[in-house]
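Engineer: One line per chain: the protein sequences are A and B, in this order.
For the first sequence, the positions run 1 to 539 when the numbering used here is used.
For the second sequence, the positions run 1001 to 1348 when the numbering used here is used.
If you are wondering where the hints come from, they were derived from the structure by calculation, not from laboratory data.
Some hints here could point you the wrong way.
Claimed, not checked - A partial selection of chain A residues facing chain B, derived with a Cβ cut-off under 8 Å: (1) Asn-130; (2) Arg-244; (3) Val-249; (4) Pro-405; (5) Thr-492; (6) Ser-503.
Claimed, not checked - Partial pick of chain A residues on the chain B-facing surface, computed with a CB cut under 10 Å: (7) Arg-64; (8) Ala-238; (9) Leu-330; (10) Gly-493.
Positions of the beta carbon are idealized from the N, C-alpha and C atoms, including for glycine.
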Amino acid sequence: MTTLAPPAAETAPEPSSPRRRRAPLPLWLLAGALMLPALIPIAYLVWAVVRPGGFDAGGIPAGRLVELFGSTARLMVAVTLTTSILGAATAWLTTRTDLKGARLWSTLLTLPLVIPSYVGALAFLGLSGNDGLLSRALTGMGLQPLPVFSGFWAAWAALSLWNFSYVHLLAVPALRRMDPALEEAARGLGASRWRTFLTVVLPQLRPALLSGMLLVGLYTLSDFGAVSLLRYETFTRAIYTQFRGRLDVTPALFLSGVLVIVALVVVWAEQRARGRAALYAHRPPRRPVVTALRGWRRAAAYGFLGTVVAAALVLPLLTVAWWAIRGLSLGNPVGAVAGDLLRSASVSAVAALITVTAAVPVAVLTVRHASRATGALESVAWSTYSLPHLAVGLGFLVVAVRFIPAIYQSVLLLIVAYVAMFLPQAMSAAQTGLRQVGPSLEEASRSLGVGPMGTLWRVTLPLLGRSLLAGGGIVFLSAMKELPATLLLRPTGFETLAVHVWSASSELFYTDASVAALVLVAISAVPLYLLVARDLHRT
Amino acid sequence: MRRTTALLAVIAILAACGANGTTTTTEAPADTTDSGTTASGEALTLYSGRNENFVQPVVDAFTAETGIEVEVRYAGTGELATTIMTEGDASPADVFWAQDPAFIGGLAKEGYLTELPEDVLSLVPERFADADGRWVGITARARVFVYNTELVPEEELPADIWEVTDPKWKGRLGVAPTNGSFVAFVTGMILAEGEERTREWLEGIAANEPQIFDGNGPIVDAVVAGDLDAGLVNHYYLLQRIAELGEVPAANHFFSDGDPGGLVMATGAGILASSDKPEEAAELIRYLLSEESQNHFLGLFEYPLVEGIGTPEGQLPLDELPTLDISLTDTADTLDPALALIAEAGLS
């Protein structure tokens, strides 16, 4: 499942196709055009910072910028390290040990992805403080209530708990596909288990871990909902503060531009760090080495997995459900959810469909006609993916209002923004599918006289079905959860579930927020389970 | 082949959802009769810095009575003001209803608002409308010091706004420095005390390491729950909580007359200069000042501005309410310095 993984900087050559056909010009034009919507607002933001005389911070003191860099970097590093350790540990325990129910554990460890970080933050608020669920339990036992979870540690815990699944998701297939011969050789030469792990397993895991760290790091950089609700000051929160606290969009644009540049640097650094390593080896001939856990180790392993699942999945859902039920029984008002659900689901579904369709030509170009130039195109796609949604949203807003007012605050603009932001997810899924299929069937079809479009339609697409579905599922999930760009770009009166949860929880209407959050999580769980979690442990 | 069928099925489902989505978009928010279209055939657009519970019932009643459909975009006052400035002439908004006089005054000063009809302006006392008639107050609210009665003994209550910078309040206070009402309070303080004194006060507050919130409601909730000792907010949040929850261990403390901490502010509404439906827009503002709407706001504990409607239960009448005596129109002039000072103090 490499759906979520950015590719290596330079794609390893396709072993099954020694000759490479030059890409037809129409394909190039098509792929380039599909990339364009993402590039326009980003180019605009970067231009806002670097244009001559454009270094206008709108009165933001330089010291403040340094402070923001510091607080954002601190959170990013802490969350990235925590999630990589957590995700690697859960992946190892579910693939390389003889613990029972590995597949079930793995599903439970993947499902926290359906909990958007702002819903997690909402649960944190509902757990802590004098009125919180956990505090009530504690005071019931005669203990002190918990203070309200806020600030750095709260943001760190929330972002770690609701992001480590990315690392898990990427590390599981990597661990399963490693050739056991290497580990056996190391053990045979007398290396300890631990040394084998450090010198043989970990290096092979590095590309997957780095991809996971990149995803988590970039997400932390761009998170808006959780840091806002938990009141930890980062770059994105400062952008929003500037946007709402000034009668001028310039300072917010400036900060967005700076953040975009930071994100691009992070992507570049990750590509350098990963080097030329290919993501996964080919399917191993035998089952991987399994460690038998006995006695306290076994108990501790179950305890660890149980704690992680409890903290990341059970506790937040329980808290949100408790607030919903308590509020409903008190007769608190709940806004209509059905309309929001319909709007969220339909706009996300349309976005997913268009994104998957757009991903096919890009994937065909980058896989079947791979060259240095297509590599650059791929990097561009990943760079746009890495950008903070709040900044992208602001870019789209300003570009639309100034240059294409007809689509401003329309569903169309919202969908264009989703497609631009999530195209790489679908592209990556399609690429994985194409690489697994290999070009031989297509070549056979061509040699039998079927044209390129006919071959695409009758051979390539049917073979890609599953990969495209998985990609579409991920895009759907991402669009359902997306908050900051939706807040800025939605048509007036077009409330989605995410917007509903957000506006209710920032006013602390817990009942209302909780009901909407539960619906959002339940709907998001379906594609995630069907398309990702269920297949994770099949080969 | 099974895979292809599955894919096609999903695409069909998605397409069906998409069709549903398109119909929902075009549907008006309130499912009232479809006779209600405006002259140009489109709905009136209201940008509301006031929250949905407060506004939507009145808007629905307006649509039911006049047949004019209204689409409402809910967000923070500052967000909407910035959005309007970014949109310029292309703004879809017809009416803007802010939660404070400073941001809407700022828009008026920059020429984004048109002059209101005289009959609308004359509905409220002069001090609660723009001197040049570009916005009119709908309701008024007072800035107060809300405190938890179990955590803050009465003798500890600050006599004036300066006392809140005393180190004894370190870590005990909640503020929402980027919220429109706090910003408006700072604009008032600058008018009354000058920039230097205001800077001192903001730096004093920042030195006390207050808990920073985005809005007033969460501060009051934290004070009621005892998670926070006190906060600087508007008067009505606590009254709403008491109405919902009954007795709570929290109270509003009013500063004395003439103290910058006790500014009584109007929530202003105005019509955008770029609106192509100024008639209907004026109609909406007239409706916000109707007896029916004003009573709705009174029920939510804000001060109605139309005379003779009444006073929120248990509160002093508007005329006797302690306030800083400044012109609300002038707060627009101190908006820029206020925002700059708040930023420089590290509070935004």
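Engineer: Just pull the numbers of the violated hints for me, sorted ascending.
Structural biologist: none
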